[in-house]
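Engineer: The primary structure of each chain is shown beneath.
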Amino acid sequence: GESVGLHLPTLSVQEGDNSIINCAYSNSASDYFIWYKQESGKGPQFIIDIRSNMDKRQGQRVTVLLNKTVKHLSLQIAATQPGDSAVYFCAEEMRGATNKLIFGTGTLLAVQP
Amino acid sequence: EPEVTQTPSHQVTQMGQEVILRCVPISNHLYFYWYRQILGQKVEFLVSFYNNEISEKSEIFDDQFSVERPDGSNFTLKIRSTKLEDSAMYFCASKGNQETQYFGPGTRLLVL
Chain D
1 GESVGLHLPT LSVQEGDNSI INCAYSNSAS DYFIWYKQES GKGPQFIIDI RSNMDKRQGQ
61 RVTVLLNKTV KHLSLQIAAT QPGDSAVYFC AEEMRGATNK LIFGTGTLLA VQP
Chain U
1 EPEVTQTPSH QVTQMGQEVI LRCVPISNHL YFYWYRQILG QKVEFLVSFY NNEISEKSEI
61 FDDQFSVERP DGSNFTLKIR STKLEDSAMY FCASKGNQET QYFGPGTRLL VL
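Chain order of the listed sequences is D and U.
Residues in the first sequence are numbered consecutively from 1, following the working numbering.
Residues in the second sequence are numbered consecutively from 1, following the working numbering.
One chain only, chain U, in its complex shape:
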């Protein structure tokens, strides 16, 4: 069964450093998303991406964040200068023509 994959599973970084989180969505999907989940809290929408551009972003998704689909399979989230409060689980999701979004296993980001 096709699934969304994410790398790395864990990432530890120093405050102010750049990180890139990678996702491989399900191959025939066209809609891509990033969500995050701070420990013990609910999952929050960050950004949606379709047709090679951002279709919506939340208030969390400020200028420090960017997304890219560099090739036909990867979808990345970049945080340019990490802050302590960026520590969270980051989930990628993808959706085809049906309505259901399927989530990856997540990347646990810890900013020190």
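Same shape as in the complex, but just chain D:
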């Protein structure tokens, strides 16, 4: 079946360290992936995306890596800050008329000062 899942439900890091959040997807036909950040009581906030014709994309302090061979996605956050504390979801966009998103279960990133 189709699924998007995360390896680690909780990740605790020290302020200033780099964080790596991982995600596995199962639908090899998916060609667009997004990372969202969700703070408590708020909606998912777009962080970064990547198409399947790329294996790496960089933003401001964030990098997304895509390994299509093993169907693995990761989000790297450089110099993690307390404001980065949130739940991070990867989402897989199902190509088609609707482009609905299939979300993973989420990883809680806790940044220790």
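Treat the hints as calculated values from the structure; they're not laboratory data.
Note that the structure is predicted; figures quoted are calculated from it, not measured.
Every residue gets a Cβ at the ideal spot worked out from N, C-alpha and C, and that includes glycine.
One should not assume that every hint holds.
[As the list claims (entries may be wrong)] Output of the computed footprint for chain U on chain D, the stretches with three or more beta carbons under 8 angstroms from beta carbons of chain U:
1) 68-78
2) 99-112
[What the hints assert, rightly or not] Using 27 angstroms as the maximum straight-line C-alpha spacing, the simulated DSS-like pairs for lysine-lysine come out as follows:
3) D/K68 with U/K78
4) U/K42 with D/K42
5) D/K42 with U/K78
Given chain D, work out where chain U should sit, using these hints.
Structural biologist: Below, chain U without anything else, positioned relative to chain D:
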């Protein structure tokens, strides 16, 4: 920066009552979505809407649910007869010609 807005932020209702959740998508977007998130769980797709009709709906989106775009700016989700298990955060999202869906802040629905 344009954003998706939703009202109300919180809604408490009695089981069996009808609720309408409202969303104002980003103004030039054409694709609209509703998702829900039960407390502590992942975000789940409910329905997508394009060109004034439903383009896809999930198994969750049964006959008790309906969506409407009553005018050029609002997009609503109606639950006709709420059940306890409808308690969740409901998120509206919209998308333009680019691929990224942008989410609203959500409505927290509590059914008693």
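Engineer: Would you mind marking each hint as holding or not holding in the structure?
Structural biologist: Comparing the hints with the structure gives:
1. 68-78: violated (count 0)
2. 99-112: n = 8 at 8 angstroms, threshold three: holds.
3. D/K68 with U/K78: Distance ~39 angstroms between D/K68 and U/K78 Cα, so the pair is violated.
4. U/K42 with D/K42: Since the Cα atoms of U/K42 and D/K42 sit roughly 14 angstroms apart, the hinted pair holds (cutoff 27 angstroms).
5. D/K42 with U/K78: holds (21 angstroms)
Hint check: violations occur at hints 1 and 3; the rest are consistent with the structure.
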